[in-house]
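The numbering of the sequence shown is the working numbering, which starts it at 5 and goes up by one.
Treat the hints with caution; some may be incorrect.
Cross-link-like lysine-lysine pairs, in silico, DSSO-like; alpha carbons within 30 Å at most [as the list claims (entries may be wrong)]:
1) Lys113 <-> Lys158
2) Lys200 <-> Lys146
3) Lys33 <-> Lys184
4) Lys223 <-> Lys262
5) Lys260 <-> Lys33
6) Lys158 <-> Lys146
7) Lys184 <-> Lys32
8) Lys200 <-> Lys113
9) Lys261 <-> Lys230
10) Lys230 <-> Lys260
Calculated directly from the structure, the hints in this document are not laboratory data. Model, not experiment: these values are computed from the prediction.
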Amino acid sequence: MKEKIQKNSCQKSNSSIQEDSSRDPVIKKIYDYLLDVYGPQGWWPLTELHVNGGSNPTKTGSVQGYHPGDYTYPRNRTQQFEIICGALLTQNTSWPQVETALLNLKKLKALSPEGILALDPETLKEAIRPAGYYNQKAGRLKALAEWFSDLQEKTPERSPERSTEIIQGIPSREELLCLKGVGPETADSILLYAFKRPSFVVDAYTRRITANLGLAGEKAKYDEIKALFEENLPEDTVLYQEYHAMLVEHAKRHYKKKGAYGECPLLKIVGD
5 MKEKIQKNSC QKSNSSIQED SSRDPVIKKI YDYLLDVYGP QGWWPLTELH
55 VNGGSNPTKT GSVQGYHPGD YTYPRNRTQQ FEIICGALLT QNTSWPQVET
105 ALLNLKKLKA LSPEGILALD PETLKEAIRP AGYYNQKAGR LKALAEWFSD
155 LQEKTPERSP ERSTEIIQGI PSREELLCLK GVGPETADSI LLYAFKRPSF
205 VVDAYTRRIT ANLGLAGEKA KYDEIKALFE ENLPEDTVLY QEYHAMLVEH
255 AKRHYKKKGA YGECPLLKIV GD
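Use the sequences and the hints to build the structure in full.
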């Protein structure tokens, strides 16, 4: 989930990658291996599921708030906005710190566009302090809240409970990249997990794995690595969600210690 600060069912019968002679079979083999080993990851985690029993006991680190095998989330605008906030706050920090910041906002009843816009700057900064870079991130959260509010206004009101509906308008990647503090990884995370659009996410872990496997150069550009996956996979939101999440889980187990990457079990798959 990390990014540097910028100045359906997952059962194989449903989500397995279809054969295509033009695709690199290694990408399929890696996905199949990761799914066999780690299973569905249930990303993106939500604070609401902390109290409702959502968890993924098979993953490392924080396990609360996940929903393995349930791809109906986000179910409303509140959850969409929380994912967007999380995607921004996770820049240059780890997820447990982001969880703390989100829970702080929730305690203040400010985990909504209106709530964040209503908070005075110092209160907002203190709430998100655990996520680091709180001076920068506070201003950027305010900007995201304004943007999301505008997006809500463009969505037709279809019931008295307007806040419970999913935003119908899908922002373009270009639009997201124009927002202050939103880089490629954050934009793709928002599209993939908040708006359920198939846009593959590349993070530092993905770079590390692809470089070690010889699938991309160490200095490969973000869009080159993104294309490596998108050109060799069907355009499928659930598949992209799980693939990215499983790469993160795999890296946490095999790519934490520099110099030990040669023990990665994926090397055997690439070499076969």
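So, going through the hints one by one against the coordinates:
| no. | hint | in the structure |
| --- | --- | --- |
| 1 | Lys113 <-> Lys158 | holds, 24 Å |
| 2 | Lys200 <-> Lys146 | holds, 23 Å |
| 3 | Lys33 <-> Lys184 | violated, 38 Å |
| 4 | Lys223 <-> Lys262 | holds, 17 Å |
| 5 | Lys260 <-> Lys33 | holds, 23 Å |
| 6 | Lys158 <-> Lys146 | holds, 19 Å |
| 7 | Lys184 <-> Lys32 | violated, 35 Å |
| 8 | Lys200 <-> Lys113 | holds, 26 Å |
| 9 | Lys261 <-> Lys230 | holds, 25 Å |
| 10 | Lys230 <-> Lys260 | holds, 22 Å |
Going down the numbered hints, you'll see the structure goes against 3 and 7, while the others check out.
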